[in-house]
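J.: Protein chains in written order, with this note's numbering: chain A, 26 to 165; chain B, 26 to 165; chain C, 26 to 165; chain D, 26 to 165.
Derived by calculation from the structure, the hints in this document are not laboratory data. Some clues are possibly wrong.
Identical copies carry no separate label here, and so any pair may be met within one copy or between two of them.
What the hints assert, rightly or not - Here are the computed lysine-lysine pairs in the DSSO-like style, where the Cα-Cα straight-line distance is at most 30 Å:
hint: 1; residue 1: K141; residue 2: K105
hint: 2; residue 1: K110; residue 2: K130
hint: 3; residue 1: K110; residue 2: K141
hint: 4; residue 1: K110; residue 2: K86
hint: 5; residue 1: K86; residue 2: K130
hint: 6; residue 1: K130; residue 2: K141
hint: 7; residue 1: K130; residue 2: K105
There are 4 protein chains.
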Amino acid sequence: MRYYERNVNYYETDQMAVVHHSNYIRYFEEARVAFMDQVGYPYERLEREDILSPVIEVSCKYIHAIRFGDRIRIGVRLTKMSRVKCSFSYEITDAATGEIRARGKSEHGYVSRDGKPVAMNREHPDFYNAFLAELEPEDE
Amino acid sequence: MRYYERNVNYYETDQMAVVHHSNYIRYFEEARVAFMDQVGYPYERLEREDILSPVIEVSCKYIHAIRFGDRIRIGVRLTKMSRVKCSFSYEITDAATGEIRARGKSEHGYVSRDGKPVAMNREHPDFYNAFLAELEPEDE
Amino acid sequence: MRYYERNVNYYETDQMAVVHHSNYIRYFEEARVAFMDQVGYPYERLEREDILSPVIEVSCKYIHAIRFGDRIRIGVRLTKMSRVKCSFSYEITDAATGEIRARGKSEHGYVSRDGKPVAMNREHPDFYNAFLAELEPEDE
Amino acid sequence: MRYYERNVNYYETDQMAVVHHSNYIRYFEEARVAFMDQVGYPYERLEREDILSPVIEVSCKYIHAIRFGDRIRIGVRLTKMSRVKCSFSYEITDAATGEIRARGKSEHGYVSRDGKPVAMNREHPDFYNAFLAELEPEDE
Chain A
26 MRYYERNVNY
36 YETDQMAVVH
46 HSNYIRYFEE
56 ARVAFMDQVG
66 YPYERLERED
76 ILSPVIEVSC
86 KYIHAIRFGD
96 RIRIGVRLTK
106 MSRVKCSFSY
116 EITDAATGEI
126 RARGKSEHGY
136 VSRDGKPVAM
146 NREHPDFYNA
156 FLAELEPEDE
Chain B
26 MRYYERNVNY
36 YETDQMAVVH
46 HSNYIRYFEE
56 ARVAFMDQVG
66 YPYERLERED
76 ILSPVIEVSC
86 KYIHAIRFGD
96 RIRIGVRLTK
106 MSRVKCSFSY
116 EITDAATGEI
126 RARGKSEHGY
136 VSRDGKPVAM
146 NREHPDFYNA
156 FLAELEPEDE
Chain C
26 MRYYERNVNY
36 YETDQMAVVH
46 HSNYIRYFEE
56 ARVAFMDQVG
66 YPYERLERED
76 ILSPVIEVSC
86 KYIHAIRFGD
96 RIRIGVRLTK
106 MSRVKCSFSY
116 EITDAATGEI
126 RARGKSEHGY
136 VSRDGKPVAM
146 NREHPDFYNA
156 FLAELEPEDE
Chain D
26 MRYYERNVNY
36 YETDQMAVVH
46 HSNYIRYFEE
56 ARVAFMDQVG
66 YPYERLERED
76 ILSPVIEVSC
86 KYIHAIRFGD
96 RIRIGVRLTK
106 MSRVKCSFSY
116 EITDAATGEI
126 RARGKSEHGY
136 VSRDGKPVAM
146 NREHPDFYNA
156 FLAELEPEDE
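The following block holds chain A by itself, in its conformation from the complex (with noise of 0.2 Å):
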């Protein structure tokens, strides 16, 4: 498990005065992001690589409000790895007092510019071998 931590932001408020569901699955997107980055493989080096990585299948399951003002912690956890898909389980808790926010899902793909998968571990290794010492399987 990787953590990442951010404010909220006003314009992330809708008029139920909480954080707006959609916004959610951004914060997933945003805790990818750094979890490549602390794994020491930006997201950005896998695009310059002609590789897209796009979302196969997202869920979430809101389990208390998040307001403005807040500060969440999001913690992001690889839980399968193939060579051509990789999937990630989140949990967002208020940074400053650890209570649960929100849990879900999500799963990814490699492609190459054209949309065809790329074998991950043949062609990109050291990506591969980044994330698999990452790995930590859910007890389904």
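Mind docking chains B, C and D on chain A? Use the hints.
T.: Only chains B, C and D this time, still in chain A's reference frame:
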């Protein structure tokens, strides 16, 4: 199943030259709002009556990318309805070709402004009955 | 002046219970895209021809709040046109009442994919002439 | 001048492979919020005291594109302050190189929840004085 159509906005794309995956969650919301307009119980009426409908869970499977210049059609279907919660499923297709783009689900509660669950059948029977008439359960 | 109408989305509101001011800039873009569709030279055609049109400057005066449940009408007018740049002005009104909501302006360049200005009158005369026919300069 | 830094998010890019211009307006808001935190009068405190601060006008000049992978630094400066309004100017630079990316301005009112202007010097002298101490008028 009710339907809602719209064009894709330029600002919804990302540097992969496709609609960013978080925007699909927003498209689902637009489709729900259109559903409620069509059913005759607009979402703004619900909020005027001091009922909020927070999202409990959302998920999306991305099947084929959506691009700027596309027009999309979102099918939205009420799949579950209880006194205090409901669920929707969604299907995004290309409006021109009918090809599938994504499928999703969401679950929503009904709560008062102070966050307490509201028994909609008792407190807002007009709403409850309008929704019940739309119910199309899914085969699991 | 060309016109474009749309409903306000829930996710565009903030906790002040009005549309967040940054979204007006997105509404202006939607209106420009609709303008180009109406003029017969869709923006996606421009990009297919490898012309990008970055924003050089934008401004907005917020006159009256826009709320969820409102339908807005955006008047868009091409006010300046040179070989390498153009300017638009915008007027957002309530589609139901005609009351003014905001006014804005933007300036745009025309550049190739490697960022060099393109003389549209020479390189894309169809576009240039279609736009010239729309020109409505403003009294300063 | 106060300063605020942050990384660029992937979801803030568009298919031109740069940060979408509407997001600069959001960056300005983040910088204002950071300014108020630094000054010791957080924006959330203002709203808790039932003061809203709607945007009256905003403008931005885009000088050089911002890209995913960049870290930006936003200088924010209070340039005008009256009893019922204030103005800020902004300068976005690349945090690594110091190169200019954009310049902007915004004007804001102070109103009660029912939309009436509030004389901040009388009603919220702590806020008013904290802001006055930051005032750096611009040469026109």
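J.: Go through the copies and call it for K110 and K141: within, between, both or neither, with a Cα cutoff of 30 Å.
T.: within (12 Å within a copy, 38 Å between copies)
J.: When no copy is named, should K141 and K105 be tagged within, between, both, or neither for a Cα gap of at most 30 Å?
T.: Answer is within; shortest intra-copy Cα gap is 20 Å, inter-copy 38 Å.
J.: Regarding K110 and K86, is the shortest C-alpha distance of 30 Å or less found within a copy, between copies, in both, or in neither?
T.: both (23 Å within a copy, 14 Å between copies)
J.: Cα distance capped at 30 Å. Does K130 pair with K141 within a copy, between copies, both, or neither?
T.: Intra 24 Å, inter 28 Å, cutoff 30 Å: intra and inter.
J.: Under a CA distance limit of 30 Å, which applies to K86 and K130: within one copy, between copies, both, or neither?
T.: Both ways: K86 and K130 sit 9 Å apart in one copy and 12 Å across, limit 30 Å.
J.: Reference check for the pair K110 and K130, CA-CA at most 30 Å: within, between, both, or neither?
T.: Intra 14 Å, inter 23 Å, cutoff 30 Å: intra and inter.
J.: Is it within, between, both or neither when you check K130 against K105 at 30 Å Cα-Cα?
T.: Classified as both: same-chain Cα gap 11 Å, cross-chain 23 Å, threshold 30 Å.
Against the hints set out earlier in the document, no violation occurs for any number.
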